[in-house]
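Chains as they are written, first to last, in the numbering used here: chain B, 1 to 375; chain H, 1 to 375; chain Y, 1 to 375; chain C, 1 to 375.
FYI, nobody ran anything at the bench for these hints, they're computed from the structure. These numbers come from a predicted model, not from an experiment. Yeah, the Cβ is synthetic: ideal placement off N, Cα and C, and Gly gets one too. Check before you lean on any hint, since a few could be wrong.
Straight-line Cα separation of at most 27 angstroms, BS3-like style, residue types lysine-lysine; simulated pairs [as the list claims (entries may be wrong)]: (1) Y/LYS229 - C/LYS271; (2) Y/LYS271 - H/LYS271; (3) Y/LYS271 - C/LYS229.
Computed footprint of chain B on chain Y, listed as stretches where at least three residues anywhere in the stretch have a Cβ under 8 angstroms from a Cβ of chain B [what the hints assert, rightly or not]: (4) 16-24; (5) 53-65; (6) 311-318.
Protein chains: 4
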Amino acid sequence: MANSLPELNIGLIGTGFMGKAHAFGFNAAQRVFELPYRVVLHTVADVTDELAADAARRLGFRHATSDWRSMIGNPEIQVIDITAPNAWHKEMAMAAIAAGQHVYCEKPLAPLAADAAEMTAAATASGVVTQVGFNYLCNPMFAVAREMIEAGELGEIRAYRGLHAEDYMRDPEAPFTFRHDPVGGGATADLASHALATAEHLLGPITELMGDCVTVVGERPDGRGGRRKIEVDDIGRAFLRFDNGATGSIEASWVATGRKMQHDFEVYGTKGGLAFRGQHLNELQFFDTGDGTGRQGFRVIEAAPEHPPYGNFTVAPGHQIGFNDLKVIEIRGYLEAIAGLRAEPFGFARGHRIQSIVELVQRSSRERVWLPVPA
Amino acid sequence: MANSLPELNIGLIGTGFMGKAHAFGFNAAQRVFELPYRVVLHTVADVTDELAADAARRLGFRHATSDWRSMIGNPEIQVIDITAPNAWHKEMAMAAIAAGQHVYCEKPLAPLAADAAEMTAAATASGVVTQVGFNYLCNPMFAVAREMIEAGELGEIRAYRGLHAEDYMRDPEAPFTFRHDPVGGGATADLASHALATAEHLLGPITELMGDCVTVVGERPDGRGGRRKIEVDDIGRAFLRFDNGATGSIEASWVATGRKMQHDFEVYGTKGGLAFRGQHLNELQFFDTGDGTGRQGFRVIEAAPEHPPYGNFTVAPGHQIGFNDLKVIEIRGYLEAIAGLRAEPFGFARGHRIQSIVELVQRSSRERVWLPVPA
Amino acid sequence: MANSLPELNIGLIGTGFMGKAHAFGFNAAQRVFELPYRVVLHTVADVTDELAADAARRLGFRHATSDWRSMIGNPEIQVIDITAPNAWHKEMAMAAIAAGQHVYCEKPLAPLAADAAEMTAAATASGVVTQVGFNYLCNPMFAVAREMIEAGELGEIRAYRGLHAEDYMRDPEAPFTFRHDPVGGGATADLASHALATAEHLLGPITELMGDCVTVVGERPDGRGGRRKIEVDDIGRAFLRFDNGATGSIEASWVATGRKMQHDFEVYGTKGGLAFRGQHLNELQFFDTGDGTGRQGFRVIEAAPEHPPYGNFTVAPGHQIGFNDLKVIEIRGYLEAIAGLRAEPFGFARGHRIQSIVELVQRSSRERVWLPVPA
Amino acid sequence: MANSLPELNIGLIGTGFMGKAHAFGFNAAQRVFELPYRVVLHTVADVTDELAADAARRLGFRHATSDWRSMIGNPEIQVIDITAPNAWHKEMAMAAIAAGQHVYCEKPLAPLAADAAEMTAAATASGVVTQVGFNYLCNPMFAVAREMIEAGELGEIRAYRGLHAEDYMRDPEAPFTFRHDPVGGGATADLASHALATAEHLLGPITELMGDCVTVVGERPDGRGGRRKIEVDDIGRAFLRFDNGATGSIEASWVATGRKMQHDFEVYGTKGGLAFRGQHLNELQFFDTGDGTGRQGFRVIEAAPEHPPYGNFTVAPGHQIGFNDLKVIEIRGYLEAIAGLRAEPFGFARGHRIQSIVELVQRSSRERVWLPVPA
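Bound-form chain B, shown alone (with noise of 0.2 angstroms):
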């Protein structure tokens, strides 16, 4: 009977890090999950033949092509998964989209949050279920946070502050990459991204916030022996307000000089805190004012099979696992999605709205007012 689960085959365009990692991803599922699908890696498309047919090779895909659109409308594929540059998500989303097919988006979307909107409207119409690649939000430790918060262990949430620093923009002769494009570049898209999705996935919407968006580098190499102004930020911060009326703070920054992964995230409420460090991401600091007196101090909560689904990748606590392990877990919530058995983890209409959000906060430090966040 485990042979008769259906097949669901994945036409993957992209080859690079991430397609690499998706492909990985989907394999491992499959080991790690009771998945409800068998899933098939069909087809690989890259920009030429012979890369397409090398990638196919060593990411373990059936067929391979140079011609992406040859994917679209297959009756074969049910998926495609797009991890190509983001300047193409757009046309390669919405023909998916037209010929019914399922998609998985790495992040953002588009450049422009109105090119999201667009995307996701065409998803809703048409039904088909999407999933933007958000991975932090898939460490078990959050869900652990987030059902924490739920189940009012915190008691009522006053105070958040959220981080994402990295230092790989620190050198003013790193050159100039798509990651400055005037549209969609800057830290603010790339890495408040994820400060804004942690912080609206363990608190709720954000209703407001006001924005601080900072160029630190001034200009970069262009590649090609001369100079290229920069006009994107390399910090980004925001103060927030949230729905439960809780207020906050976000800071970005791919300058954080010795920062390799800094996603931090403090709660606080009127009976607990919370508070994680994306260096241990396998922990979860933990304040209960329930504690004795004389006995009360944050406790390093490990991860260990009590926070699901750790227990799926290693049978004991503290153990630890890695950075693909949470990319396994998305694609894990993305098949039940698509299978029919949860609703969407992060789909289309999620990852607008979180560019929307870093596009206010944005526009926000342009025009340096608060600004509403729609609902």
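Given the coordinates of chain B, assemble chains H, Y and C onto it according to the supplied hints.
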């Protein structure tokens, strides 16, 4: 010849927590440092003769009085040390200044910056030497941080993040106190003042800011069986611009459940990064991009004799100094300033400036606009 | 040409936790690394046809069998991978070796070192390539540590301290299992083996030791309503002498309440120190006496692409790998050894040596004497 | 009535680091605590009149002398406080005891335990109150740990691990000092003494041990241009058996490169675990198996007024005390013992016991046998 040190006679007003800390600090300073004076605890003032006499005995003062004014202009007393409630600071300080006595005053100088301005102007005009109690700044690791910043060890400074979070007002049933007074109360005044002082201590002048002050607990027991509306903030945040070109933020909270001393900062420069955690006041974390490939990381520098004046407290590295020792360092600096050996470490002008910035944060928050910070 | 990679067919015995981890690892290794083989999951053996068929489906094997002997000598299968209970390892491995098949065996090789010796001798005589599962050693940060030690970055090595503490046997009501078997059971065998393997991996051969093994829980439920006396140890300690002149100690415990993965080590040399905490498997702490005065401290090096093969898992530093990824690295090393590209990373001889040292620790403890460790 | 407190006059011998710390401590204790005496710093003795006079001025003593014997039997002086070099402790203490004066003596009582035994016997016979300086034990977090152990909060205690590692003898060119004296020198005497004292303070009597003492640096500069052979150990380890049934180990080192204050301990019981790190002397980590499923973890308890006598130093939690404050606590305890308000906190008998155990560790190491520890 050592006995020929001039005497410096102290008149202390107030015998509560800070009064005790001052008396303790004056005594300890004489044993820890080679001071330019022999300090004499001359007279202590409290509200009744009995309380004053008891304090004199406990704290080691020669005389006691229930009339602080009797110390003003007493030619035997060179320093008036004010640890009385904030509302009385101005009257006391103005009287001492008028009498040509040096003034040591706990923070804040007065509930309103305008009053602090008057006090500063008077002190400047009279030429007395002043000190405001901001003892966190006396941490030897802060001196290391400032030295590194000034020497260019971090390269050009780009970004700053500061915190001062505790949780002593977490409980909504904690009653109304002077800290909740609409005039001069609130977390921004009480704690953001520390975060702002540290920020300017390390990076130099703030030039512009955007505030975000939030009242979390709307009413509290009034201590007489009723409840009283709270007008002051429980959380204060600000975006910052510095004169050196860096940008940053600070946040203060007294409802950060679980936090006891989150006086933290992070500094990011082109060549390095620093992080300090108030929970570990004897450590400074330093990331150096000059470290070898694959060998880089934030190193935890433990306070040692190489970080003056740590070595005055203990000759052994890693043995750790405490909060009270910071007060001892503050007193040493003040006495050296009185002796003309150095500039005022943190005189009334600095205290007034921090209060002005606090009020700008509060006003910016109310008006929801960025505000310039006068030089 | 990529497709011209030779196939390597795996026959897996056992489908429990480690069987699953191996199947997962073989798949992942092909996506993470450029392997010298195309790995084929050929046949999986379990105790019944039904269980084997189900495992084949879940884990992606082509064939299933309830008779592991049917894989022995099958010319289509080059590698026999043993994850069955420890008591069966020897029979299975000896059969595979006799048939000229490579053998991958989970630790321990056999409950008794004498049996492991026989297995090692047989493997050596036959020339097959062997691997014992000691995946902690595959941590990229261990490679950094070893490289630093060998390159003299720490100067002359003087001292070592190793731990492996968990708490899964803390509860005296946890029932008797195979881990409590008087033959081959106990914390020293189960966990000190890891601590000893890490010690030799980093510092080279141990030459002498003094053991201290302690039974803490004297009897446990026998699972049939009665209680059973426990003869094996819950804690194992040893003083160590190393061939390089250093001295040290290790400790293992499975009753260390609260510890989940305290696989820690510290190394002290004339010029530097290292510390590793198993709770943070992506970090290595390094103290360098060459750092400037007042700037010294243990720096926390976060795993990054500079620490191969971390970069095969993710191109971004600080994103973190997990426990299962260590198994993937182990498999890569084994396949390269089969292809003759490198020596066996941790073959039967090494596995046997660790077991011998474990038995010496136990004997030393019983006899209360220091014992030499044969070269 | 407060002024009617009896005076207690101190005669201090030695004005080096510890002499200064004692003088500082006596003064501070009077301000921090409600003592049973008014302490008078009566006389200080140093090797010349000039040094003594200078010390008297700096440290606040009324009188100075270059003849410590002149203080012996002086009816105005009730306490003889010995911070002179170890070799003189016995003569000084025996003289004071014979004169019926209380004796406060820095550790070790004498280079040899046999001498310490004599001193202890004399003190006991005469009925004077004694104190040996073991100030780590005065840490309020140690009191919490002991209270938790005694109250059964950790269940039955099973295992212990203690450390005291620093690196001040790391450099082989650091010259020979009294700490290298074959009589009474070495890391085991200097530092394992602390680790052993902490172990017994927390778990009660050690009953049996196996030592492992190692000389790492074989010779050192003799300070006169030549080199001198080193006979004492640089590292001392021991396996331990406790009277309460627990087993454990300690390790001391003064060549642990990078360590400044690794006075750590871990305690494991059936119901909980504790961990203390000397680097963070204001924290105690506590794991409670009674915490909810999925909510367990080591919690970091920060020193607070709930942990007496922390609140005597500062009313605010998390503000941190330092090393010198531990000495103040030690003095409070001693004065209360003199007043008959409590038993000697750590008198000569305890100091002698620790030295005896140190010598047993050394002898056990030389003879390579387990040795019983007399009750």
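Hint by hint, here is what the structure shows:
Restraint check for Y/LYS229 and C/LYS271: the C-alpha separation of about 22 angstroms stays at or below 27 angstroms, so the hint holds. A distance of roughly 25 angstroms separates the Cα atoms of Y/LYS271 and H/LYS271; the hinted pair therefore holds under the 27 angstroms criterion. For the hint pairing Y/LYS271 with C/LYS229, the CA-to-CA distance comes to about 22 angstroms; that is within 27 angstroms, so the pair holds. Counting residues of the stretch 16-24 of chain Y whose C-beta lies closer than 8 angstroms to any C-beta of chain B gives 5; at least three are required, and the coverage claim holds.
Three residues within the 8 angstroms Cβ limit are the bar, and the stretch 53-65 of chain Y against chain B gives 5, so the coverage statement holds. Given as covered by chain B, the stretch 311-318 of chain Y passes the check, having 6 residues with a CB less than 8 angstroms from a CB of that chain where 3 are the minimum.
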